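Undergrad: Kindly produce the complete structure, drawing on both the sequences and the hints.
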Amino acid sequence: MTDDLAFLPAREIAECVRSRKTSAAEVAQAHLERIRKFDPKIKAFLSVRQNASPGAPTGPLAGVPVALKDNLCTLEEPTTCGSKILENYRAPYEATVVSRLRAAGATILGKTNLDEFAMGSSTENSGYFPTRNPWDLSRVPGGSSGGSAAAVAAGLATASLGSDTGGSIREPAALSGVVGFKPTYGRVSRHGLVALASSLDQIGPFARDVQDAALVMSVIGGHDPQDSTSLPGASPDYVGKLERDPKGLRIGLPREYFADGLDAEVRDLVMTAIRTLEKRGAKIVNVALPMTEHGIATYYVVLAAEASSNLARYDGVHYGHRTKAPAGLIEMMSKSRAEGFGPEVKRRILLGTFVLSSDRIDAYYHRAQKVRRLIARDFEKAFESCDVLMGPTSPTAAFKLGEKSADPLSLYLCDVYTVGANLAGLPGISVPCGFTKGGLPAGLQILGRPLDDLGVLQAGRAVERELGLLVQRPAL
Amino acid sequence: MDFDPAALRHIARLARLDLTDADLEAIRPRLQAIIEYVDQLKKLDVEGVPPLDNAVDLTNVRRPDDPRPGLPAEAALANAPAVAGPYFAVPRIIDAP
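Protein sequences, first through last, are from chains L and B.
For the first sequence, position 191 (counting from the first letter as 1) is numbered 191 according to our numbering, and the numbering increases by one without interruption.
For the second sequence, position 66 (counting from the first letter as 1) is numbered 542 according to our numbering, and the numbering increases by one without interruption.
Treat the hints loosely; a few may be bogus.
Take a look, some chain L residues computed to stay more than 12 Å from chain B by CB distance [unchecked claim]:
{"id": "1", "residue": "R267"}
{"id": "2", "residue": "I274"}
{"id": "3", "residue": "A368"}
What the simulated footprint calls covered on chain L by chain B, stretch by stretch (three residues with Cβ under 8 Å from a Cβ of chain B suffice, anywhere in the stretch; the number is not a length) [what the hints assert, rightly or not]:
{"id": "4", "region": "17 to 27"}
{"id": "5", "region": "93 to 107"}
{"id": "6", "region": "223 to 236"}
{"id": "7", "region": "335 to 345"}
{"id": "8", "region": "356 to 366"}
Bear in mind the hints are in silico, worked out from the structure with no lab data behind them.
A quick note: this is a predicted structure, and the numbers were derived from the prediction, not measured.
Quick reminder that beta carbons are idealized off the backbone N, C-alpha and C, glycines included.
TA: So, in structure tokens, the structure goes:
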């Protein structure tokens with residue numbers, strides 16, 4: 001019974017709970033049991049609500065067990081952002097997305113691991129411990145939302161939330177074999193999301209299929225007066241309009257997304273999925289995104305600049321770690337920050353401070369903002385001849401823990417296909433498209449025009465439906 | 477751009493990170509490599525290109541200027557490492573007279 005509940009889709013759990021075939025408490029218990037049994041191996045969770053209060057037996061997510069990336073503010077447990085500097089931080093308010101999940105009947109199971117302050121692509125940079133890939137425990141789940149991806153893949157939660165600043169939902173979804181959706185910038189309220197890079201951050205769902213991802217989007221999306229970057233206007237009907245015939249859909253294949261550096265097995269799996277849609281009447285269009293090669297450089301300048309500014313708030317005064325060493329005010333702040341932040345966070349703060357310093361800001365930050373415009377124009381031009389773009393989410397399947405730790409730049413390059421959507425504000429999804437011979441999942445990425453979140457979800461659903469891949473269960 | 481130790485020390489001071497010489501020497505080559513990588517942007521012609529600082533076209537978002545409750549002082553102070561009455565406490569900044 002327990003394992004059956006663990007891999008039921010969210011929509012079926014909600015239906016069973018609403019019709020009283022099962023109770024939210026029973027569903028919660030089944031998942032908490034699996035967390036106790038399997039999470040010691042995977043380490044997806046930073047904190048678990050052992051006495052999770054079951055969601056209401058009404059609402060679109062009635063009794064659906066959900067996990068939250070630990071950079072979303074909650075009242076019941078610490079919100080650490082995977083950082084020692086916030087080890088005991090208790091948020092004084094709850095993120096809007098969390099309130100919306102609860103109002104829809106969801107049961108919150110706990111908070112998931114992440115690279116410290118969401119800086120990373122492997123969840124190895126957590127200040128606490130690395131998370132492991134449920135398909136191969138010697139490999140990373142991707143990151144930075146690796147805990148949220150792994151929890152859903154392993155059947156420890158039915159859905160989860162992550163945040164995507166340069167690929168941090170889509171890349172771990174691909175490496176962990178689940179669906180991960182990054183909405184258009186502004187579609188989902190960020191009130192209560194601890195900021196990394198404010199012009200890039202967006203919250204989105206993980207689920208085991210696109211239908212569930214659309215269901216969660218229908219709950220968390222929509223305008224929020226508490227977030228000034230939240231888009232006004234009504235949300236699309238993500239659930240009701242999800243099924244769409246791929247006949248006539250124009251699929252753009254950016255040539256740069258299939259160039260050197262892409263693993264051959266991943267490429268073949270992605271192309272098989274795309275050819276399946278072509279057989280159902282979709283049209284393949286070759287497009288170019290010539291600025292792709294400058295995406296990572298642009299992203300790291302913008303990200304570091306915004307992160308160094310956002311992370312200035314951790315100064316040992318209002319909250320977070322304060323040094324025990326006796327010191328004056330400036331030394332107190334400088335020592336508290338040096339003690340509390342991990343190495344990758346320090347590197348990015350230093351890089352950000354450098355690119356924003358008065359004698360460098362034109363050469364780096366202002367120049368990167370102009371290149372960002374060129375990148376957005378690339379996408380606009382590509383979308384003149386197609387409706388969606390498709391390609392791989394990540395150049396490779398999951399890599400081994402430690403494989404890329406020595407060279408931050410090699411890790412940054414994992415994000416080559418994903419950063420463009422953040423820089424241009426586009427919606428994007430990663431959908432499972434099969435397994436490598438070594439048994440590792442591969443992800444297909446779909447990008448759409450700004451605000452065409454529904455079109456991206458529809459295309460993702462079409463891939464899922466036409467490929468007919470069944471949800472697999474990792475052997476744990 | 478060569479990232480010499482003095483330049484890095486200056487940046488660390490601006491960033492309020494109290495790093496030892498050993499820390500800085502460990503960070504320097506990695507940071508140098510990242511900066512050399514992002515220096516590729518200098519080769520691009522961006523003459524006349526307007527900067528893109530935000531992907532949504534929203535400016536001057538306002539809400540009605542109606543009073544509403546804010547965070548109570550106790551909640552705001554609850555996470556503070558040190559408090560003095562209703563205030564955040566910090567090390568002395570000005571010498572006593």
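Undergrad: Work down the list of hints and note, for each, if the structure agrees.
TA: Cross-check of the supplied hints:
no. : hint       : result
1   : R267       : 25 Å, holds
2   : I274       : 27 Å, holds
3   : A368       : 6 Å, violated
4   : 17 to 27   : violated (count 0)
5   : 93 to 107  : violated (count 1)
6   : 223 to 236 : holds (count 4)
7   : 335 to 345 : holds (count 5)
8   : 356 to 366 : holds (count 4)
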